[in-house]
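Quick note on our numbering: the sequence shown kicks off at 44 and runs consecutively.
Everything labelled a hint here was simulated from the structure, so no lab data went into it.
Treat the hints with care, as some may be off.
What the hints assert, rightly or not - Lysine to any residue pairs mimicking SDA-like chemistry, simulated, CA-CA at most 20 Å apart: (1) Lys-315 with Leu-288; (2) Lys-306 with Asn-284; (3) Lys-314 with Leu-326; (4) Lys-168 with Phe-204; (5) Lys-168 with Leu-224; (6) Lys-153 with Gln-186; (7) Lys-171 with Glu-126; (8) Lys-314 with Leu-343.
The model shown is predicted, which means the values in this text are computed figures rather than measured ones.
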Amino acid sequence: MQLLKKLEATTGANAAGVNTTDINVIDRHAPATAKPAIYLAECSRDRREAREILESDLRRHGYTVLPDQQLPREEEEYVAAVERLLARCVLSIHLVGTSYGAVPDGHSQKSVTVLQNELAVQRSKGGKLQRVIWLRDGTASAQAQQQAFIEALHQDAEVQFGADLITGDIEELKTSIHAMLKKLEKPEPEKLPAHAKLIYLICDRQDRKATVPVHKFCRENGFDIQIPAFEGDATALREANQQLLTSCDAVILFYGAGDEAWKRTVDNELKKMPGYRGGKPLLATYTYLADPKTSDKEDLLDMEDHNLINGLEGFSEAQMAAFMQTMNLPGMTA
Numbered sequence: 044m045q046l047l048k049k050l051e052a053t054t055g056a057n058a059a060g061v062n063t064t065d066i067n068v069i070d071r072h073a074p075a076t077a078k079p080a081i082y083l084a085e086c087s088r089d090r091r092e093a094r095e096i097l098e099s100d101l102r103r104h105g106y107t108v109l110p111d112q113q114l115p116r117e118e119e120e121y122v123a124a125v126e127r128l129l130a131r132c133v134l135s136i137h138l139v140g141t142s143y144g145a146v147p148d149g150h151s152q153k154s155v156t157v158l159q160n161e162l163a164v165q166r167s168k169g170g171k172l173q174r175v176i177w178l179r180d181g182t183a184s185a186q187a188q189q190q191a192f193i194e195a196l197h198q199d200a201e202v203q204f205g206a207d208l209i210t211g212d213i214e215e216l217k218t219s220i221h222a223m224l225k226k227l228e229k230p231e232p233e234k235l236p237a238h239a240k241l242i243y244l245i246c247d248r249q250d251r252k253a254t255v256p257v258h259k260f261c262r263e264n265g266f267d268i269q270i271p272a273f274e275g276d277a278t279a280l281r282e283a284n285q286q287l288l289t290s291c292d293a294v295i296l297f298y299g300a301g302d303e304a305w306k307r308t309v310d311n312e313l314k315k316m317p318g319y320r321g322g323k324p325l326l327a328t329y330t331y332l333a334d335p336k337t338s339d340k341e342d343l344l345d346m347e348d349h350n351l352i353n354g355l356e357g358f359s360e361a362q363m364a365a366f367m368q369t370m371n372l373p374g375m376t377a
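Work out the full structure: start from the sequences and follow the hints.
Here it is in structure tokens:
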């Protein structure tokens, strides 16, 4: 009975045009799909052994290596195929040797090595492809066309565009490739510029989670943003709050869970700010209204204070527009 079930499953897969051997391979390598694709350029005969070593190493580390099938030998079709493959990749690797290499049938009579480099340059100019060129130190060719290409790689910024030129041995090449791939897969967090303006988002402890959309929006727009400290003794908390009032460039009072008495206390503290700041101007002070709705918040809306942000219906980037415009006015620098 078990044998019949296996045969039926196999027959079904074959009927759908699926190679069952391929299914097993895909399952076995499923985790590798998270890795980016790499274009390992076709090369001349004298660099094929190095290419095989690299291909084996990259596949062993879980990367998809392209081309993974024979490319057309007619130039126009070849160019189109390479462009499609490069569009899938984050990195292209070009191994340059002493031989000019194969030349597809076409009008340019350029080798596959030269054509692939030119196509990768175009892709790199769009900011969508990193490149590595391996040209061993001292490489020279008796073929005039290849020697011209080698010299161009050393001297012509257009031919080398977007590429790290590696002249060491293959181990140095592998190290450079893996270092680049590591950066591509896990880029360093974008650092705020040193002059990023600081927004002090004052809130009640209960509103800490509710402030996340505002916090995230301000960070995405290039601002540093801080909320009050809630842990520590009373003296430490007071000093931390005063330090933020002294150093911030703008204040958003998040009026949500806090009651009217809490807001009046904060308003009184904000009135003392000039004494803390030693004459340093404040770019903006806004009140962000958040759930729950109260009579006091509705009164504030009725008075149409222009420094209000209405978040009672939920966070909206449109409601933040006036605040953002104030923060980005020409001359408004920390």
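So, going through the hints one by one against the coordinates:
1. Lys-315 with Leu-288: holds (9 Å)
2. Lys-306 with Asn-284: Within the cut-off at roughly 15 Å; holds.
3. Lys-314 with Leu-326: holds (15 Å)
4. Lys-168 with Phe-204: holds (8 Å)
5. Lys-168 with Leu-224: Holds, at roughly 19 Å.
6. Lys-153 with Gln-186: Between Lys-153 and Gln-186 the Cα gap is close to 13 Å, so the pair holds against 20 Å.
7. Lys-171 with Glu-126: OK: Lys-171 and Glu-126 at ~12 Å, within 20 Å.
8. Lys-314 with Leu-343: holds (18 Å)
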